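Let the sequences and hints guide you as you build the complete structure.
As a plain string of letters, each chain reads:
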Amino acid sequence: MHELAVTESILEIAVRHAQGKNVGRITDLYLVIGQWSSIVDDSVQFYWDIISDGTLAKGATLHFRRVLVVLTCQDCGNEYQPASEEFACPNCGGTHARVKTGEEFQLEAIDVED
Amino acid sequence: MSQRIPVVEKILSANDRLAAENQSSLDAANVFAINMMASPGAGKTSLIEQTLKGLEGHLRIAMINGDIATSFDADRAQAAGATAIQINTGGDCHLDAVMVQSALSQLDLGILDLLVIENVGNLVCPADFKLGTHKSVLVASIPEGDDKPYKYPGMYRGVNAVVINKIDLLPYVPFRMDFFKKGIEVLNPGVTQFELSCRTGEGLAGWLAWLEGQVKEFKGIHAK
Chain L
1 MHELAVTESI
11 LEIAVRHAQG
21 KNVGRITDLY
31 LVIGQWSSIV
41 DDSVQFYWDI
51 ISDGTLAKGA
61 TLHFRRVLVV
71 LTCQDCGNEY
81 QPASEEFACP
91 NCGGTHARVK
101 TGEEFQLEAI
111 DVED
Chain U
1 MSQRIPVVEK
11 ILSANDRLAA
21 ENQSSLDAAN
31 VFAINMMASP
41 GAGKTSLIEQ
51 TLKGLEGHLR
61 IAMINGDIAT
71 SFDADRAQAA
81 GATAIQINTG
91 GDCHLDAVMV
101 QSALSQLDLG
111 ILDLLVIENV
121 GNLVCPADFK
131 LGTHKSVLVA
141 SIPEGDDKPY
151 KYPGMYRGVN
161 AVVINKIDLL
171 PYVPFRMDFF
181 KKGIEVLNPG
191 VTQFELSCRT
201 GEGLAGWLAW
211 LEGQVKEFKG
221 IHAK
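Protein chains in written order, with the working numbering: chain L, 1 to 114; chain U, 1 to 224.
Worth flagging that the hints you see were computed from the coordinates, not collected in a lab. Remember, predicted model here, so these are calculated numbers, not experimental data. In this text, a Cβ means the ideal position worked out from N, Cα and C, and glycines have one as well. Among the clues, some could well be false.
[As the list claims (entries may be wrong)] If you want the footprint, here are the derived chain U segments under chain L, 3+ residues with CB under 8 Å:
1) 1-11
2) 92-105
3) 122-131
4) 140-146
5) 160-170
[What the hints assert, rightly or not] With a cut-off of at most 27 Å between alpha-carbon atoms, the simulated BS3-like pairs for lysine-lysine come out as follows:
6) U:Lys219 x U:Lys53
7) U:Lys10 x L:Lys100
8) U:Lys181 x U:Lys148
9) U:Lys148 x U:Lys182
10) L:Lys100 x U:Lys216
11) U:Lys148 x L:Lys100
12) U:Lys10 x U:Lys151
13) U:Lys135 x L:Lys100
14) L:Lys21 x L:Lys58
15) L:Lys21 x U:Lys10
16) U:Lys181 x U:Lys151
17) U:Lys135 x U:Lys219
18) U:Lys10 x U:Lys135
19) U:Lys53 x L:Lys100
20) U:Lys135 x U:Lys148
21) U:Lys135 x U:Lys151
22) U:Lys182 x U:Lys151
23) U:Lys182 x L:Lys100
24) U:Lys135 x U:Lys53
25) U:Lys135 x U:Lys181
26) U:Lys53 x U:Lys216
27) U:Lys10 x L:Lys58
28) U:Lys135 x U:Lys216
29) U:Lys219 x U:Lys148
[To be verified] Pulled from the structure, derived: some chain U residues nowhere near chain L, Cβ distances all over 10 Å:
30) Ser25
31) His58
32) Ala80
33) Ile111
See below:
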C-alpha cells in the first residue's frame, strides 16, 4: 500500500501551510477521506508517528472524517448509496449516475498554537 | 494561542504538480503517452508485445516499465523491438510522477510518437498517482472474475479505456459480461471498451486502430 507516500504528503502540506505564521507547533490535522479513496487510517497513523518526529507537527493528532459514497441518478434524480455488487439506482434501475461524494482525499484544516 | 488554519488541499497535490510537468515535457516533444494499469497477470505485457508488433512501421514507440523487482517485462518489450526503460520500484506498489520524470530523462523523446508506461500490477494504488500521461488504460481479464469493477471502483472510474483480455477463455470460466459491464457503466459512463485475446489475436485490430487514432489526433493538435 502507499500510505507512506500519502503520509509524507500530508506532513509536507501541513508544514507548508503553517510556515511564516509564527506557529510554535501543529496540534491537529483534519483529513477528509472518501469511501472510494483507498487509504487505511491505521497505516497512516503508524507512519505519522514516525515521520512527524522532529517536525512542527510532532505529536499532532490526526482526525479522519470518512465520507460515504453517494451517487446521484441522472435519470430520476434519486440520491443513493450503492450496494456492494449493485451500482444501479434502486429507485428506477438507471445506470447513469454521478458521484456526489465519496472520492474526497484532502487535508481540510490544521490547528496550530504559538 | 490556538487557531485553525484552513487548508483544503488535495493530499497528492505535489504528485499532481509533477505529473503536469511530465505532461508538458511530453507535449513539447509531441509524444503521446498512455498509462497502462492492471492486476498482476491480466496481460499488460502481452498486450504491449502485440501492440509493438501491430504498430511496427506505423509509430515509433518506447516504453517505461514499472515493476517491484526484475526486468522480465522490459526484456520482453525490448525483444519485441521497443526502447524500454525499467523502473524497479523496490517494493512500492505503484509508479509515481517522480519515477516517471527520471525515466523520461533517459529517453530521446524527439524520436518517438508513442510512450507506453506499464504500471505495477495492482488495481488499488496506481489509480491515485497521476503520471502525466495523456490517457490511461485498464487491462482487465476474464479469469480475474466479473466482480472487479465493484471491488476496485477507484481504478475503473479513472481510466479512458478498458481492455477486456483473454476472451478466448470465456467458454471455460463463469464470467457474466453483462454484470461486469453494468458496473463499469455506472462508474465510467461511455468509456471506450475493447474485448480481445492477446493469445488468439481476436479483437486486437480494434484496439490498435483506436490507439493509432489517438496518437494521430494528438499529434495533429500538438504539431509544431
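Hint check results:
Counting residues of the stretch 1-11 of chain U whose C-beta sits closer than 8 Å to any C-beta of chain L gives 11, which meets the bar of three, so the coverage hint holds. Counting residues of the stretch 92-105 of chain U whose CB falls under 8 Å from any CB of chain L gives 4; the rule of at least 3 is met. Beta-carbon proximity to chain L at under 8 Å applies to 5 residues in the stretch 122-131 of chain U; the threshold of 3 is reached and the given coverage holds. Requiring three or more residues with a Cβ within less than 8 Å of a Cβ of chain L, the coverage given for the stretch 140-146 of chain U is violated, as only 0 such residues are present.
Chain L is given as covering the stretch 160-170 of chain U, and this is violated because 0 residues of the stretch bring a CB closer than 8 Å to a CB of that chain, at least three being needed. The hinted pair formed by Lys219 (chain U) and Lys53 (chain U) meets the criterion: a straight-line CA distance of about 21 Å does not exceed 27 Å. Proposed proximity of Lys10 (chain U) and Lys100 (chain L) is supported: the alpha carbons are some 17 Å apart, at most 27 Å. Among the hinted pairs, Lys181 (chain U) with Lys148 (chain U) is consistent with the structure: their alpha-carbon atoms are about 10 Å apart, no more than 27 Å.
In summary, the hint linking Lys148 (chain U) to Lys182 (chain U) is supported, as the alpha carbons are separated by about 11 Å, within the 27 Å threshold. A threshold of 27 Å between alpha carbons decides the hint, and for Lys100 (chain L) with Lys216 (chain U) the separation of about 35 Å lies outside it, so the pair is violated. For the proposed pair Lys148 (chain U) and Lys100 (chain L), the alpha carbon gap of about 22 Å is at most 27 Å, so the pair holds. In summary, the hint linking Lys10 (chain U) to Lys151 (chain U) is supported, as the alpha carbons are separated by about 24 Å, within the 27 Å threshold.
Taking the CA atoms of Lys135 (chain U) and Lys100 (chain L), the gap is about 24 Å. The hint holds against a cut of 27 Å. The straight-line distance between the Cα atoms of Lys21 (chain L) and Lys58 (chain L) is roughly 17 Å, inside the 27 Å bound, and the hint therefore holds. Note on Lys21 (chain L) and Lys10 (chain U): the hinted pairing holds, with a Cα-Cα distance of about 21 Å set against a maximum of 27 Å. Distance check on the hinted pair: Lys181 (chain U) and Lys151 (chain U) sit about 13 Å apart at the alpha-carbon level, within 27 Å; holds.
Simply put, Lys135 (chain U) and Lys219 (chain U) have alpha-carbon atoms about 14 Å apart, close enough for the 27 Å limit, and the pair holds. A hinted pair counts as satisfied when its Cα atoms are at most 27 Å apart, and Lys10 (chain U) with Lys135 (chain U) qualifies at roughly 21 Å. Under the criterion of a C-alpha separation no larger than 27 Å, the hint pairing Lys53 (chain U) with Lys100 (chain L) is inconsistent with the structure, at around 43 Å. About 21 Å separates the Cα atoms of Lys135 (chain U) and Lys148 (chain U), which keeps this hinted pair within 27 Å; it holds.
At most 27 Å may separate the alpha-carbon atoms for a hinted pair to count; Lys135 (chain U) and Lys151 (chain U) meet this at roughly 22 Å. A threshold of 27 Å between alpha carbons decides the hint, and for Lys182 (chain U) with Lys151 (chain U) the separation of about 13 Å falls inside it, so the pair holds. At most 27 Å may separate the alpha-carbon atoms for a hinted pair to count; Lys182 (chain U) and Lys100 (chain L) meet this at roughly 19 Å. At roughly 21 Å between alpha-carbon atoms, Lys135 (chain U) and Lys53 (chain U) fall within 27 Å of each other, so this suggested pair holds.
Distance hint between Lys135 (chain U) and Lys181 (chain U) is fulfilled; the C-alpha atoms sit about 20 Å from each other, no more than 27 Å. The suggested pairing of Lys53 (chain U) with Lys216 (chain U) holds, with an alpha-carbon distance near 18 Å, which does not exceed 27 Å. The straight-line distance between the Cα atoms of Lys10 (chain U) and Lys58 (chain L) is roughly 21 Å, inside the 27 Å bound, and the hint therefore holds. A threshold of 27 Å between alpha carbons decides the hint, and for Lys135 (chain U) with Lys216 (chain U) the separation of about 14 Å falls inside it, so the pair holds.
Annotation: proposed proximity of Lys219 (chain U) to Lys148 (chain U) is violated, straight-line Cα distance about 34 Å (limit 27 Å). For Ser25 (chain U), the requirement that its beta carbon stay farther than 10 Å from each beta carbon of chain L is met, with the minimum near 22 Å. Look at His58 (chain U): its CB is around 36 Å from the nearest CB on chain L, clear of 10 Å, so calling it non-interface holds up. At the 10 Å boundary, the C-beta of Ala80 (chain U) stays outside the reach of chain L, the nearest C-beta of that chain being 30 Å off.
Distance to chain L confirms Ile111 (chain U) as a non-interface residue, since its nearest Cβ pair spans about 33 Å, more than 10 Å.
Of the hints listed earlier, those the structure fails to meet are numbers 4, 5, 10, 19, 29, in rising order.
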